[in-house]
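Go by the hints and put chain B onto chain A.
2 protein chains.
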Amino acid sequence: MTSRRGPYAKGTAKRAEILSVALEVVAEKGCHNASNREIAERVGLSQAGLMHYFGSREELYMAVLRARDERDSAAYWEPDPSFAGFLRVIENNTRVPGLVQLYVEFSAEASLGKHPAHEFFRERYEWVHQRSVESVRAAQASGEFGPHIDADLVADVLIAAADGLQQQWLLDRSIDMVARLQAMWAGMATLSRLDAEIDPVTAEATPTE
Amino acid sequence: MTSRRGPYAKGTAKRAEILSVALEVVAEKGCHNASNREIAERVGLSQAGLMHYFGSREELYMAVLRARDERDSAAYWEPDPSFAGFLRVIENNTRVPGLVQLYVEFSAEASLGKHPAHEFFRERYEWVHQRSVESVRAAQASGEFGPHIDADLVADVLIAAADGLQQQWLLDRSIDMVARLQAMWAGMATLSRLDAEIDPVTAEATPTE
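Quick note, the sequences are listed as chains A and B, same order. Residue 115 in the working numbering sits at position 115 of the first sequence, with consecutive numbering throughout. Residue 44 in the working numbering sits at position 44 of the second sequence, with consecutive numbering throughout.
Worth flagging that the hints you see were computed from the coordinates, not collected in a lab. Just so you know, these numbers come straight off a predicted model, no measurement behind them. Heads up, none of these hints are tricks.
If you want the ones that stay clear, here's a sample from chain B, every Cβ over 10 Å from chain A, calculated: (1) 15; (2) 35; (3) 49; (4) 58; (5) 70.
Simulated restraints on C-beta separations: (6) A:28 to B:17: 40 to 48 Å; (7) A:20 to B:38: 39 to 47 Å; (8) A:20 to B:44: 50 to 58 Å; (9) A:71 to B:94: 32 to 40 Å; (10) B:16 to A:38: 42 to 50 Å; (11) A:33 to B:41: 34 to 42 Å; (12) A:119 to B:94: 21 to 29 Å; (13) A:182 to B:42: 43 to 51 Å; (14) A:94 to B:48: 40 to 48 Å.
Using N, Cα and C, we set each Cβ at its ideal position, and we do this for glycine too.
Bound conformation, chain A alone (with noise of 0.2 Å):
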């Protein structure tokens, strides 16, 4: 998000007021009982004024999780770009319910094309797999994963696991997902080093796509 100055400085403050209040309230409450009438009352605006800042109830959600992207992303997997960096940003789910229902349900929703969402999740798909694909390639350069193994699928597998299971997280909260996630990643490093005796390159870790 670029800061604007005069005019739009006061307009973009309230947006970062009312954006903060939304992930609060969406995290204590669910996507379902987080009404824009609480969120409006919170930071003293009506339900019109609301809307003012964010046209539609589709856009005040796209705009929470992106907030709640860039928030997670600077606290967790920024200072450690890695698949450990990747696990603090799901432990940390664990503590708001609510904003993992509304990925959950929000990106169901946008998985077809004309929803007003579904551009923001593709934009969304390619950034977390980017950064999933350099957390690999660390994890290469450090030797847990061999040198022959396509980051692109393993990224793919990885979010995967971590979408289904906030889903399972969600009907039953017993569920380990770091344990879980841990495992799939241990597996795939150990594939993939295997691979790099069974047919030795050289020793740079450069990938083979």
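Just chain B now, with coordinates in the frame of chain A:
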């Protein structure tokens, strides 16, 4: 589904016809474009008549998903209760995008406790989980998986990856879900065999849970 006799027989036959048509319409058009009107027309009923058999849209969709599960399971997973059988179900899904859409959306919606389909998806999850655990045990018996592996954990990861990949596939039909699931499975298998080599036990493939 138990079949009924006497006065119910005609109703049961009509229900089965409606389900079969609804499966077709949803598979072709997706759940958003599959209107009750079209389903009703194709089976020669009014919309009110349709609702006589299925009290609500949610109830009809639950029945559609149940019928899909029964059909696919009988065609692919029951004859081969292994991971290969599971993969055939996923492979078949690529031919019915509308049903994948229905499954992804409806299961996400239903993750909330008070949704009418919540209990249906909890039970469905238990069923798929149990079948997947059996696939892991079959792989242990054949030596593909080592004896020391938490079959429940592998089943959770398998189902999560399959669910997440279906969602990715809705956004990008070029994703090869089967290849990704095979890599994930091979990784967990390799890991479990190594574990068995490091910590050998009796030759019997007894899972350690």
